[in-house]
Amino acid sequence: SQQGEEDPQALSIQEGENATMNCSYKTSINNLQWYRQNSGRGLVHLILIRSNEREKHSGRLRVTLDTSKKSSSLLITASRAADTASYFCATESGGSNYKLTFGKGTLLTVNP
Amino acid sequence: KAGVTQTPRYLIKTRGQQVTLSCSPISGHRSVSWYQQTPGQGLQFLFEYFSETQRNKGNFPGRFSGRQFSNSRSEMNVSTLELGDSALYLCASSLDPGHEQFFGPGTRLTVL
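In order, the protein sequences belong to chains A and B. Each residue of the first sequence is one higher than the one before, counting from 1 in this note's numbering. Each residue of the second sequence is one higher than the one before, counting from 1 in this note's numbering.
Think of the hints as simulated: they come from the structure by calculation, not from any bench. No experiment lies behind these values; they were computed from the predicted model shown. Keep in mind that the hints are not guaranteed to be accurate.
[As the list claims (entries may be wrong)] Going by beta-carbon spacing under 7 Å, a handful of chain A positions derived as facing chain B:
hint, residue
1, Gly42
2, His45
3, Lys99
4, Val110
[To be verified] Here are the simulated DSS-like pairs of lysine-lysine, each with C-alpha atoms no more than 27 Å apart in a straight line:
hint, chain 1, residue 1, chain 2, residue 2
5, A, Lys69, A, Lys26
6, A, Lys70, A, Lys26
7, A, Lys70, A, Lys104
8, B, Lys57, A, Lys26
9, A, Lys70, B, Lys57
10, A, Lys70, A, Lys56
11, A, Lys56, A, Lys69
12, A, Lys56, A, Lys104
13, B, Lys57, A, Lys104
Yeah, the Cβ is synthetic: ideal placement off N, Cα and C, and Gly gets one too.
One chain only, chain A, in its complex shape:
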């Protein structure tokens, strides 16, 4: 079953614009991670935000987490054509039965 649900499912923007993707989840989590996947390839870890953090930055990425609303957002600033990919949020839960539960992803297309 899916824990995270990304919104929107697809997003198309021009180079230089900012892209915002949202993720909502249902149950309590330990941490939340964002991954990127280029066209049917493996996933690349982008950023992890802990449940006691509200905001985190990494380069052009900014992630927020609102545990009261069970939601997170990923902002990519000054987008580039190379940012075209699918982006997934993944929630960590389970304690000793640790596992990642992924959403269905947002397909981001950055047009040159």
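Put chain B on the given structure of chain A with help from the hints.
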């Protein structure tokens, strides 16, 4: 340091056959997780292995099995293949359970 490697990268099988996929984790990583990715269901957790023991299992039928060897390499097996098993199978390794996961490029399985 070499990344996670998966073999084969592509595989075509027919219904009823069985298949074995292989994953070599990053050197020093002891935990290996497997995921199935399909357009309909997205990324779903299959199982996790640590120290040659299955620690956690997703909601998949018994046709899906796996194992881990003493050198941390892992294999997953799918018996009596069905058309719906066509998917990208991703392997991820981490130092230990609960640590950041690094994904391989995946094995794309097509069942005809």
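The hints, checked one at a time:
1. For glycine 42(A), the shortest C-beta to C-beta distance to chain B is roughly 4 Å, which falls under 7 Å, so the interface hint holds.
2. For histidine 45(A), the interface hint holds, the least distance from its beta-carbon to any beta-carbon of chain B being 6 Å, beneath 7 Å.
3. Nearest Cβ of chain B to the Cβ of lysine 99(A): about 5 Å, under the 7 Å cut. The hint holds.
4. The restraint placing valine 110(A) at the interface with chain B is violated, with a minimum CB-CB distance near 22 Å, outside the 7 Å limit.
5. A threshold of 27 Å between alpha carbons decides the hint, and for lysine 69(A) with lysine 26(A) the separation of about 9 Å falls inside it, so the pair holds.
6. The straight-line distance between the Cα atoms of lysine 70(A) and lysine 26(A) is roughly 7 Å, inside the 27 Å bound, and the hint therefore holds.
7. Our distance criterion of 27 Å between C-alpha atoms is met by lysine 70(A) and lysine 104(A), whose separation comes to about 16 Å.
8. For a cut-off of 27 Å, the pair hint linking lysine 57(B) to lysine 26(A) stands: about 20 Å separates their Cα positions.
9. Simply put, lysine 70(A) and lysine 57(B) have alpha-carbon atoms about 25 Å apart, close enough for the 27 Å limit, and the pair holds.
10. Of the pairs offered as hints, the one joining lysine 70(A) and lysine 56(A) holds, with about 16 Å between alpha carbons and a cut-off of 27 Å not exceeded.
11. Annotation: proposed proximity of lysine 56(A) to lysine 69(A) holds, straight-line Cα distance about 17 Å (limit 27 Å).
12. Distance hint between lysine 56(A) and lysine 104(A) is fulfilled; the C-alpha atoms sit about 22 Å from each other, no more than 27 Å.
13. Between lysine 57(B) and lysine 104(A) the alpha-carbon distance is near 20 Å, which keeps this suggested pair within the 27 Å criterion.
Going down the numbered hints, you'll see the structure goes against just number 4.
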